[in-house]
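J.: Protein chains in written order, with the numbering used here: chain U, 1 to 425; chain S, 426 to 892.
Hints may contain errors.
Dumping the calculated BS3-like pairs for lysine-lysine here, alpha-carbon to alpha-carbon at most 30 Å [as the list claims (entries may be wrong)]:
| # | chain 1 | residue 1 | chain 2 | residue 2 |
| --- | --- | --- | --- | --- |
| 1 | S | 873 | U | 118 |
| 2 | U | 118 | S | 526 |
| 3 | S | 835 | S | 797 |
| 4 | S | 638 | U | 6 |
| 5 | U | 420 | S | 462 |
| 6 | S | 460 | U | 6 |
| 7 | S | 638 | U | 247 |
| 8 | S | 462 | U | 55 |
| 9 | S | 526 | U | 198 |
| 10 | U | 7 | S | 797 |
| 11 | U | 118 | S | 515 |
| 12 | U | 220 | U | 55 |
Coverage of chain S stretches by chain U, computed from C-beta distances (three or more under 8 Å per stretch; other residues unrestricted) [said to hold, decoys possible]:
| # | region |
| --- | --- |
| 13 | 621-627 |
| 14 | 798-809 |
Keep in mind the hints are simulated off the structure, nothing from the lab.
C-beta atoms are modelled at their ideal positions from N, C-alpha and C, and glycine is treated no differently.
Chain by chain, the residues run as shown.
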Amino acid sequence: MIELIKKCLALRPNIFAYKINERKSISKQLFYIFDKLEMNRVSENHEVSLTIYMKKDDSLGENEFNVYPYDDEESLLENIDKAIANALNSLNPYYDLPKREEVEIKENDDIFEGDIEKVIKEVIDTTISVKDEHCYSTATEFFFNDSTQRIINSFGVDLEEHHQSIGIELIPTYEKDNKEVEVYEYINISNVDLLDLKNKIVEALKQAKDRYLATPLSIKGKVDVIIQEAEVSEVLSYFSSDANYMKKHQHTNRHEIGDNMQGDDVDGDLLTINMIPYYKGAFYSSHFDNDGVVLTPINILKDGVLTHRYGSNRFGQYIKEERPTGNLYIKEVSNGNLDISKINHPYIRCVKFSGIQLEENSGFVGGEVRLGYYFDGEKEIPVTGFSISGNMNELKKHLKLSKEETTLKDYHGPKYLLLKDMEVA
Amino acid sequence: MFSKQLLSRKKYCQLLLEKLLEKYPYASILGKQIKGKTILCIKDSNRIGDTREKEYGFVARVFNGKNYVEYSFVEINENNIPELINKIDKEANLASNIEAKLMPETVLNDEPLVQDFVRNKEGRDYTDQEIQNFLEEYRQELLNYDPRIVFAQLMHECFEVSSFFISRNRNLTQNYSWSNIMVYVASKDENNMQSVYQTYAYNNLETCMQKAKEQLKDNAQLAIDLLSSTNIKPGVYDIITAPSITGLIAHEAFGHGVEMDMFVKHRAEARKYINKRVASKLVNMHDGAASTLSQASYFFDDEGVLAHDTLIIKEGILLTGICDSVSANELNFDATGNGRRESTQRKAYTRMTNTFFEPGNDNLEDMIKSIKHGYMLFQTNNGMEDPKNWNIQCTACYGREIKDGVFTGKIVAPVVMSGFVLDLLNSISMVSKDFEVIGAGHCGKGYKEWVPVSDGGPYLKARCKLG
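Could you put together the complete structure from these sequences and hints?
T.: Okay, here's the thing in structure tokens:
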């Protein structure tokens with residue numbers, strides 16, 4: 001298909017530039033109810049999109065469309081001509097497209113080791129074997145994914161990267177005496193470590209049991225809240241998203257370079273955040289972005305001060321960045337000193353939310369908590385059925401980051417984050 | 426018009442189906458293409474491109490006598506049918522290769538039906554230039570409304586769905602379309618920053634534009650008003666829900682709980698409440714691709730089952746749920762036309778379509794006057810389901826305070842609704858005559874499997890914990 005596209009493009013020399021994005025993927029999917037297979041399926045996909053760029057004076061227009069297996073030279077030329085017209089009808093300020101750059105793309109180990117059925121059996125057997133009379137996953141879905149992404153443009157960019165991953169969605173459930181509760185868990189794996197997987201599932205089932213044992217939270221008012229894992233990444237995006245080139249360009253940024261993003265009178269930890277392309281175990285790791293920009297890491301926040309911005313090639317040029325970083329997705333956050341075991345005043349450690357919400361514009365952060373642990377000064381007690389709320393404009397001054405680290409799909413850094421005096425209802 | 430490219434592949438799918446039916450007691454093939462356009466009007470990023478809903482692909486489903494197996498692919502032609510059969514056969518053997526224990530399954534219902542369905546787009550056609558001009562003028566009017574409005578973005582999207590479903594006894598095609606306009610406005614002052622998001626979705630672009638135009642000043646003024654919004658003091662309040670929030674309750678708080686694939690997985694509290702009271706007598710609730718005309722209206726689902734109008738709650742009594750084919754088989758129930766896929770790359774689950782409460786007999790003015798201290802809640806922000814334990818998490822973008830039957834002018838934003846679903850539904854004491862279904866949202870199952878949906882209803886008066 002790439003050859004057909006290139007052949008057609010050669011017949012349209014008036015095109016200023018082009019970009020081809022190609023993604024080939026195979027996903028083996030298995031769906032279990034309790035420990036029984038309901039359905040298995042395979043998705044084989046091949047997606048190709050072509051972006052046409054047209055330059056007019058100081059403007060650049062673009063139009064992207066999918067190229068399908070049924071396209072032939074005639075239909076492709078017709079679509080290219082439509083794309084040329086569309087691009088000329090939606091002109092924007094000019095920016096340079098990415099050019100060829102040398103980059104070493106480290107090939108990851110084949111996590112399926114050439115025998116995917118063996119891996120499927122091992123992972124599934126490990127997962128569904130973790131259960132007891134009262135505690136199990138009611139529905140488990142497995143996704144074994146293998147994809148290759150390639151980007152080519154008319155300025156010599158030709159980059160290819162191969163990704164493999166395993167995704168497991170679990171519904172850990174605890175049932176006893178006619179009462180059942182569940183929690184939700186999604187595990188992303190980029191290398192097969194069956195012992196580590198088993199430990200994750202044991203922890204997930206324990207959380208279901210704790211939700212069963214949890215009592216309604218009786219306290220109201222203000223209390224320190226500790227969030228963990230994915231919620232830490234979500235809350236810290238309050239800072240990282242404001243550093244994006246696009247925000248600055250659209251005048252929706254809240255801070256300028258050099259501003260202290262955490263404000264004055266900070267009595268908590270000062271944040272240092274890097275945006276990076278790659279971290280082992282982070283599912284979003286990539287060497288280049290969808291524009292074909294080779295990604296370079298950058299520090300965006302140092303001790304609470306906004307130091308640099310990051311983002312797409314286009315918006316980087318619009319705000320006059322010398323070398324746009326490309327779209328970086330992984331936050332690397334420096335640790336603090338918080339050790340939960342040493343805290344001696346009350347707090348609530350929130351483990352399972354319905355879905356934490358962060359409104360970057362207003363600073364609102366909060367959500368309903370399905371499982372938390374209330375520390376009364378002596379021990380943690382599982383609690384449920386409450387919501388927390390606060391505002392980052394105040395919370396940011398008193399953040400406490402843990403020493404303990406974690407790695408997620410888009411994050412590496414402190415596992416826990418303490419938010420001071422959140423409202424509990 | 427039905428996609429000619431998809432139609433050109435149908436004959437190969439029929440050949441593949443014939444081969445599959447020689448060896449499997451059940452086989453079917455879904456072919457689907459979604460085409461359309463997105464026109465985006467945003468500072469320095471104007472764009473005309475394909476619809477975000479775009480799709481092209483096929484799903485072959487077989488029953489091997491023991492379990493259901495699917496293979497989804499994007500290319501079929503006169504040369505690759507044997508290769509596809511080999512792949513399907515290989516996948517059909519996977520369960521025994523990995524020594525999986527299996528759910529007991531039987532052959533799906535495959536009642537004979539041959540029919541072509543078409544729903545034509547309404548209203549006049551517009552050129553891309555006309556649409557761009559409309560969006561750009563709208564955007565500029567928003568920006569000129571007040572210097573505190575710092576950003577505005579307009580988007581038009583239209584999509585056209587063509588799909589066919591073939592099995593031993595069925596041969597169905599459908600073709601339909603939908604349009605929407607989305608408005609996003611951001612405002613900023615020295616203390617605060619806020620945003621407003623509004624959609625206008627109909628089978629008629631002219632109507633989308635007209636409605637958007639009527640509300641231009643309201644959207645701009647709301648972005649300004651929200652700058653003076655404050656946090657709500659958490660507590661239990663009387664509330665009146667605008668149709669968007671009414672729909673959020675119908676969809677998020679209750680609808681997910683009656684998706685009957687959750688019954689199979691023992692994940693739904695609703696299973697214990699069939700034919701029991703779950704809401705006040707004033708409450709009647711529907712779901713269905715045939716219940717009303719909106720974004721999730723189609724003629725048959727992704728498993729070839731005709732669209733239904735399912736009356737889920739009648740006068741507060743839970744009558745039934747909604748169900749995909751495989752789950753219906755497992756439950757010995759009839760499928761309701763709610764088997765939907767995010768795309769042909771994904772499995773079909775029981776999914777909602779157009780979900781709403783019926784209107785009632787009360788006047789909105791009377792409802793407002795009846796509030797001693799409470800809030801009217803507007804505009805869906807987001808929600809999360811909890812089918813097992815029926816806890817609510819729904820967030821409204823903002824609320825307007827009511828005291829002694831009158832708006833005080835105070836706005837709170839955002840507003841998180843929480844509590845137990847049945848408490849909320851049983852507290853519904855007034856239901857307005859108004860009715861609106863909003864047709865431009867998407868729904869996930871857990872945190873994935875996104876499908877277009879709509880929801881709505883009348884204004885409701887109820888009691889709820891807000892924070």
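J.: Count the residues of the region 621-627 of chain S whose Cβ falls closer than 8 Å to any Cβ of chain U, and tell me whether that reaches three.
T.: violated (count 0)
J.: Next pair to validate is residue 460 (chain S) with residue 6 (chain U); report whether the Cα-Cα distance is within 30 Å.
T.: holds (24 Å)
J.: Would you mind confirming whether the straight-line C-alpha gap from residue 7 (chain U) to residue 797 (chain S) stays at or under 30 Å?
T.: violated (72 Å)
J.: Is it true that the CA of residue 462 (chain S) sits at most 30 Å from the CA of residue 55 (chain U)?
T.: Distance ~22 Å between residue 462 (chain S) and residue 55 (chain U) Cα, so the pair holds.
J.: Are the Cα atoms of residue 118 (chain U) and residue 526 (chain S) separated by 30 Å or less?
T.: holds (16 Å)
J.: Is the Cα-Cα distance between residue 220 (chain U) and residue 55 (chain U) 30 Å or less?
T.: violated (60 Å)
J.: Does the alpha-carbon distance linking residue 420 (chain U) and residue 462 (chain S) stay inside the 30 Å limit?
T.: violated (47 Å)
J.: For the pair supplied as a hint, residue 118 (chain U) and residue 515 (chain S), is the alpha-carbon distance within the 30 Å limit?
T.: Roughly 15 Å separates the two Cα atoms, so the pair holds.
J.: Between residue 526 (chain S) and residue 198 (chain U), does the CA-CA distance stay at or below 30 Å?
T.: Given pair residue 526 (chain S), residue 198 (chain U) holds - Cα atoms ~20 Å apart, limit 30 Å.
J.: Does the alpha-carbon distance linking residue 638 (chain S) and residue 6 (chain U) stay inside the 30 Å limit?
T.: With a Cα-Cα distance of about 44 Å, the restraint between residue 638 (chain S) and residue 6 (chain U) is violated, given a limit of 30 Å.
J.: Are the Cα atoms of residue 638 (chain S) and residue 247 (chain U) separated by 30 Å or less?
T.: Distance ~27 Å between residue 638 (chain S) and residue 247 (chain U) Cα, so the pair holds.
J.: Is the Cα-Cα distance between residue 835 (chain S) and residue 797 (chain S) 30 Å or less?
T.: Holds, because 15 Å separates the two Cα atoms, which is no more than 30 Å.
Comparing the model with each earlier hint shows violations of hints 4, 5, 10, 12 and 13; every other hint is respected.
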